[in-house]
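2 protein chains.
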Amino acid sequence: MRIAIDAMGGDNAPLEIVKGTYLSAVENPAVDILLIGDKAKILEAFKEVEGEFPNNVKIVHTNVEISMEDDPMVVMKEKSDSSMAIGLSMLKENEADVFLSAGNTGALHVGSTLMVRKIKGVRRSAIATILPFKTPILMLDAGANPEVTEDILQQWAIIGAKYAEIMLSINNPRVGLLNNGTEEKKGTPVHQAAYQLLVENENINFVGNIESKQIPHSPCDVLVTDGFTGNIVLKLIEGLGMYMFSSLKDMFTSNLLTKLSYTTMKGQLKEFKMMFDASEYGGAPFLGLSKPVFKAHGSSKAYDFYNAIKQAKRCCELDVIGTISNLL
Amino acid sequence: MRIAIDAMGGDNAPLEIVKGTYLSAVENPAVDILLIGDKAKILEAFKEVEGEFPNNVKIVHTNVEISMEDDPMVVMKEKSDSSMAIGLSMLKENEADVFLSAGNTGALHVGSTLMVRKIKGVRRSAIATILPFKTPILMLDAGANPEVTEDILQQWAIIGAKYAEIMLSINNPRVGLLNNGTEEKKGTPVHQAAYQLLVENENINFVGNIESKQIPHSPCDVLVTDGFTGNIVLKLIEGLGMYMFSSLKDMFTSNLLTKLSYTTMKGQLKEFKMMFDASEYGGAPFLGLSKPVFKAHGSSKAYDFYNAIKQAKRCCELDVIGTISNLL
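Taken in order, these protein sequences are the chains called A and B.
Just so we're aligned, residue 0 is where the first sequence starts under numbering that gives the first Met the number 0, counting upward by one.
Just so we're aligned, residue 0 is where the second sequence starts under numbering that gives the first Met the number 0, counting upward by one.
What the hints contain is simulated information worked out from the structure, not anything from laboratory work.
Hints may be right or wrong, so weigh each one.
Pairs involving identical chains hold if they fit within one copy or between any two copies, as the list cannot separate such chains.
[Claimed, not checked] Derived DSS-like pairs (lysine-lysine); straight-line CA-CA distance at most 27 angstroms: (1) Lys117 to Lys184; (2) Lys117 to Lys185; (3) Lys78 to Lys184; (4) Lys184 to Lys76; (5) Lys184 to Lys18; (6) Lys248 to Lys258; (7) Lys185 to Lys78; (8) Lys133 to Lys269; (9) Lys234 to Lys57; (10) Lys309 to Lys57; (11) Lys269 to Lys258; (12) Lys272 to Lys248; (13) Lys248 to Lys269; (14) Lys300 to Lys212; (15) Lys76 to Lys185; (16) Lys18 to Lys38; (17) Lys133 to Lys272.
Put together the whole structure using the sequences plus the hints.
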């Protein structure tokens, strides 16, 4: 198996990517990792790693990067020699089996749609992300498509359920539609039409409209929504989690007695923080593409990349994309 | 001043409404409160209150109620003798100065638009709700209009800023547009067009696109968004707050040591819970209407109603609606 990785994408490139790659490469000597980016910078970063440069890591050199400010619509043409474009091209040309990047999400979405292409019949590819509650929820779309139709939402329900079944080992996943109320007439005309399609589709275990306040209690395994709302939900959970954790920290450091409590509660507080930590789930796949492309969070650290690579590898091993293609 | 109150709306009607009304009536003997609903049930509920039936409370009898399941589009015609419809009619006919209900939001929105009517030139009325962070944010729309245009968002920015200025005493309120990224090209075409209108409008202190993860840090005083997204945000904050608080409780009761910590931390934990409690801010006004209509949360208790009545009274005293009307 050959895993192509964009070494130059995200806030912590290339250092954390190199560290994560090292961990994966050592653990999986039979897997080839193709690290795409500035060779000098990658080798410089490798000096921070305690250990030899692994034999199964190959550097594919380019010093062109895509920044977060680059316009997704033109970047693939103008920067066809960037680390992201090269990775997608390698995937397309069958020189890699999966591609992973923590770079510009919009560029990765547009680029993968143009170069890797979607599964035949699929209208839009979606970012499928895990909301890390006690029972995890696979939410799609998390940000690629601000506007959708009912047909697109229905396709995502089918694709997301299959992904959850294989990758998260959930039998007959419960699918919910994110809406502003549980009644069937709630939301925009698109939500109302999607509700009908989902209710009538016997291949989908549809559990109805899901209100956002229910989300922490995992009322479904797969939550479908447009990419605008999904992005708002994802970032609000992230922002509130961090805010509450820092408020709690302030509480515990307010006086001597509370500081004593802190030492008692340290373990539990760590668990509390973990509730909002999606690192364990690694990257988020673009579902609907004919080949596997994973997006890692822009702020990913070594351990996140390590997990993202693990997910990418598992997705290939289980031929998730092939199974989804055969469904549609 | 005459405050009309729907005694039959919400999960805790009429008991908690009656209790809240009693507190307000005793505190404000010069204000007349018109309690609309089933006279026998209201008087029965009053037995739970320790004190005399206040002279300044008048019961307007009806035994017709609007339920949460009633279709907002037809309910005003079919149930024109319901407590909600009577209240709106009294406001329209100048028999009351403000109306407050904890009932069916959709019915209240449709009903108030039909009966009370909007301010001339206003395209849609919005529910303006307070997100109760350290620095509160006035968010509109919180759920009345799932679909909007850029012009509507611009109007809400103007109306919301004036409301925040008068009611929350904020000088030159910072207005933000909820979006899936801070860059000006983010979101749907409606968001992109709204961004341009807001940037170019010199009467609006526009601080740009706001990502949901920033919300807890109050990057703006007024946050404009469509009612679908606003509703998702409002309910997610509510749901996550409750979920985290109950997770914390579990943490503190897990063993003897943590239970000891709990006694130490009790005060701080209460403060933590208060962070997600909007009770202090009472009801949410429907902004854009020519007369003041307030919506109380369906699960409101006596103290929430007391605060909602206080807000409604203040809104009249300060002639907020008149000032907004003159603006447009």
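Verification of the supplied hints:
no. : hint             : in the structure
1   : Lys117 to Lys184 : between (32 angstroms within a copy, 25 angstroms between copies)
2   : Lys117 to Lys185 : between (31 angstroms within a copy, 23 angstroms between copies)
3   : Lys78 to Lys184  : between (46 angstroms within a copy, 20 angstroms between copies)
4   : Lys184 to Lys76  : between (43 angstroms within a copy, 19 angstroms between copies)
5   : Lys184 to Lys18  : neither (50 angstroms within a copy, 34 angstroms between copies)
6   : Lys248 to Lys258 : both (10 angstroms within a copy, 18 angstroms between copies)
7   : Lys185 to Lys78  : between (43 angstroms within a copy, 21 angstroms between copies)
8   : Lys133 to Lys269 : both (14 angstroms within a copy, 24 angstroms between copies)
9   : Lys234 to Lys57  : neither (35 angstroms within a copy, 48 angstroms between copies)
10  : Lys309 to Lys57  : within (18 angstroms within a copy, 69 angstroms between copies)
11  : Lys269 to Lys258 : both (15 angstroms within a copy, 17 angstroms between copies)
12  : Lys272 to Lys248 : both (11 angstroms within a copy, 15 angstroms between copies)
13  : Lys248 to Lys269 : both (11 angstroms within a copy, 15 angstroms between copies)
14  : Lys300 to Lys212 : between (30 angstroms within a copy, 19 angstroms between copies)
15  : Lys76 to Lys185  : between (41 angstroms within a copy, 21 angstroms between copies)
16  : Lys18 to Lys38   : within (15 angstroms within a copy, 72 angstroms between copies)
17  : Lys133 to Lys272 : both (12 angstroms within a copy, 21 angstroms between copies)
When held up to the earlier numbered hints, the structure conflicts with 5, 9 and fits the remainder.
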